[in-house]
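From these two lone chains plus the hints, build me the complex, please.
For the record, the sequence lines run as chains L and Y. Counting from 1, position 209 in the first sequence corresponds to residue 209 in our numbering; the numbering is continuous, with no gaps. For our numbering, add 1000 to where a residue sits in the second sequence, where the first one is 1.
Just so you know, the hints here were simulated from the structure itself, not pulled from any lab data. For every residue, glycine included, the Cβ atom is placed at its ideal position computed from N, Cα and C. Any given hint might turn out to be false.
Partial chain L-side listing against chain Y, Cβ under 8 Å, derived [to be verified]: (1) T41; (2) G42; (3) G145; (4) A186; (5) M203; (6) A243; (7) I275; (8) L276; (9) N277.
In silico lysine-lysine, DSSO-like type, Cα no more than 30 Å apart, as pairs [said to hold, decoys possible]: (10) L:K264 - Y:K1224; (11) L:K255 - L:K280; (12) L:K264 - L:K190; (13) Y:K1281 - L:K256; (14) Y:K1259 - L:K255; (15) L:K252 - Y:K1224; (16) Y:K1085 - L:K273; (17) L:K255 - L:K282; (18) Y:K1142 - L:K17; (19) Y:K1283 - L:K264; (20) Y:K1005 - Y:K1281; (21) Y:K1260 - L:K187; (22) Y:K1232 - L:K256; (23) L:K282 - Y:K1184; (24) L:K23 - Y:K1143; (25) L:K273 - Y:K1232; (26) L:K256 - L:K280; (27) L:K228 - Y:K1184; (28) Y:K1243 - L:K273; (29) Y:K1283 - L:K280; (30) Y:K1216 - L:K176; (31) Y:K1143 - L:K176; (32) L:K127 - Y:K1026; (33) L:K252 - Y:K1026; (34) L:K256 - Y:K1184; (35) Y:K1143 - Y:K1037; (36) L:K255 - Y:K1260; (37) L:K255 - Y:K1232; (38) L:K78 - L:K127; (39) L:K79 - L:K17; (40) Y:K1259 - L:K256.
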Amino acid sequence: MAIIVNKLNYNYNDGGKTTQVLKDISVVIPDGQFLGIIGHTGSGKSTFVQHLNGLLKAGSGTVYYNGEDISDKDYDLKKLRSKVGLVFQYPEHQLFEVDVFKDVCFGPRNLGLEEKKVQLRAFAALKQVGVPEELFYASPFELSGGQKRRVAIAGVLAMEPEVLILDEPTAGLDPKGRDELLEQLAKLQKEREITIILVSHSMEDMANYAERILVMDQGSIVLDGTPKEVFAHDKELEEMGLASPQVTYIMKELKKRGFSVEEKVTTIEEAKKEILNSFKRKVAGC
Amino acid sequence: MEMIKIKNLIHEYIRRDEEENVVDIKRAVDDISIDVKPGEFVAILGHNGSGKSTLAKHINALLYPGEGTVWVNGMDTSAEENLWKVRESAGMVFQNPDNQIIGSVVEEDVGFGPENMGVPTEEIWQRVEESLKAVGMWQYRKKSPNRLSGGQKQRVAIAGVVAMHPKCIILDEATAMLDPSGRKEVLRAVRALNMVEEVTIIHITHYMEEVIYADKVFVMDQGKVVMEGTPKEIFSQVEKLQKLRLDVPQVTLLAHELKKAGVPIEDGILTIDELMEQLDKRK
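So here's chain Y without its partners, still in its complex pose (with noise of 0.2 Å):
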């Protein structure tokens, strides 16, 4: 069974005046079907208002499909008994760390989730262990989070939402704000939890380098999937993704600028060590 299913979603903005008359309808997400297995790591592209946002928050439920069906572990979003479920099997981190802890102590807020789930006390305390081990942030655990860094705070969010248990976590943009190591802290800490305890991954950013680890990559337009395929495949297309708004890794870029002034290098080179081997032939 796939962990997230999507079939012909079409997600309209529908704007009203005083009158409840339609004055405006705008089509966020439109007839997108993808199949997410459990397990995968999967990246969302594609350009400010192009519509990734309005597709994660289906998958947890916080907004429900105008036509179409969405699957979460094989629960309908749409109905309402299912609700709960959803959110605890698909968990969401956003943007600004500042707008999603609520409390005052690091350990509080990671306890937060399980406790609202009637998780006994004993296991909430062992989950937070875990959850701020597995994210790096354990030796923080008593601090106020206004005083942490954006990456630290993230990863805090990070393991309030690890802390639920959940099959999948949707990250929409979380590594938007930070500062590179920040952001490679976020990144390591997600790998982690995808390799090792194999929770779903669906990343949603802006910065192309944290793509290449992805098992499978979907780029979106005007609320399409114009694009699907792995870094490689994906990242192969330089104009394409250029002609979308997006960009490529800078050593993608470099190998594909040396190709074009007649050096013969692969399409597609996602990593530095991936560059050397291409140009070592040459030296």
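Chain L on its own, in the form it takes in the complex (with noise of 0.2 Å):
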């Protein structure tokens, strides 16, 4: 089971005048994968994930959801949203209820559970993404911005879904607040074998989360591949507006200054081993 997309095409009309927005986009997502999608802006990466659970309609080609063509007449729509959760950018700016606890049970009561029910999933999203309790009966408006972000996510979290897409859910966040909301959906994905499906303009976080990344470009997926693959194109990504982790790049440099080091790397922890490596390969001598 899986999210497949075929041969998917979308187009804006503005006035007459049509722009290809998404251009023949076929890939394979398979479960539980973390997948990370980056590209300018512009590229069509918003696009491409909001047709993932059925909110634009694709202008051609099919995207199947566990072998089922979520176009088909009869296909039940509002479930596939259940699954398919999708995380909007700065999705705090949706909350709207008078307490944390109410505005994570409005989706699972939208599902139509019972009342015991909706609120043990929604305690249990709250856990899950970190929000301490003594805050469940706060006003969303009185929370920092990381704790806001991750209360939305609660909201979407809390109706269960297969696949989590989260459009820029670290913007805005510092840096401490990005990396623990980051740990939490890579607990979830390994915990609870969800898709994750996150889209971000941060290089460094793909590089130390995802296990494979989708580049897009002009509407197109231009390259597929795990960080490692993908991060080695350094310079075709910054032609796109993109770029590879400094980490990257530096040991891009030491290889050029004849350092006996692997260029692709990714993450700091990788570069401290293979700097540390290459000095006492010439303390050994060889």
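And the structure:
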């Protein structure tokens, strides 16, 4: 079971002028993957992910979820949206209830679950994203940016989705808040085996968390691979308005200067190991 | 004279119930005193809720001091007659580009500020041209802002501020929503304004690598300035920053980790070149 996207095309119509936003996108996203999507602003990332839960309807091509074509007339889109949860940019702008707990209850209640189940789910979801209990009955508007963001994500989690799509979930969070949120997503992926699809502008976060990265440019997927494979294309990424993590550039530079290090490195941890090993080899005289 | 002088500034957010009784007081800025000289590039770091934005709003007279005084270009921000002069001297760019663009065409949006100030029409167009060129958006002057990318919108917002000829620009997490090239574009535009036009810059950000060009860095925590120094001095204290929920650039962190593992490297490495220089010695 998986998400299968086959030759997806999508156009915007703007006063008679047609712009092709998605061009012939074909991709398979297996269950339980931590998938990153990068691309400059306007490359089609957000448009693409909105097709995955049926918010946008394909111009041509097909999106299959668990083997079913989601554009079929009798396909239950409401059910799809409870299975494929989408957290928009700045989700905290969508908080509206009088307290945190009520806000998180909204989604599962809408699914028609009985009240007790709704509350259990809301409780579990808030716990999963690390919101402390003393904040459950606070007004959402009293929380800090990072806390609000988490409450909004809990609102989607409480629907118990199989796939969680997050569009720029860390924008505006401080570095610690960013790390905490990403750690929690990685944990959810491992413990509940849900698929995480993360749209982000932070190459470092992608390198640290994603198992696979899709790079989008002008509506197409232009690179698809592990962080190591993708970030080896630093020149092409730069041409697309992206970059590799700084640590990848460091290793390239070291290699250029004659250090015997592997240059396909994307995390600090690996870089440290590589550099220390190269010193050790030198001391050992080989 | 300082561009900005803040003396013993205190700002409290006070919450009241229906009967106007005070139910909660939160001190967002707690006795801050800082000076910023004309032409300086100052960065402010701090975790969410540390008081950075509250402080920034005081420099633009969007907030007035509870206690203490803020002077912008010598003008006390709490004096009502200074209000417009203060805002002309210190322009502000916010995080979300979609909330600050009002014109339906880029050049109109940029012209709005100076028009509002009563600048003669001829000069408005001159200023629009200069400002859009300064941020590299001249070729988009006839476009509708909502067709632009985030980085482009943000540069239009900056051009709108630049067109008012401010002495100081405050960027309140203006790069938070941008992709890497958008961030670079904005930073480049801001640094050019700083170096060529000598506009004072106050840059609030969570991206540590944007801070390395600053002349001075302030780190805030619980409404206070807890660290102050050059980027090198600040980023030499990796553990302390991490405790404050902050971070250092990757190159700084790698150098720090290598040093901990026994490689003799100076503290506060800020660029790849500096790291190479240190490691080359060991080759």
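Hints the structure violates: just list their numbers, smallest first.
4, 9, 10, 15, 16, 20, 23, 31, 33, 35, 39
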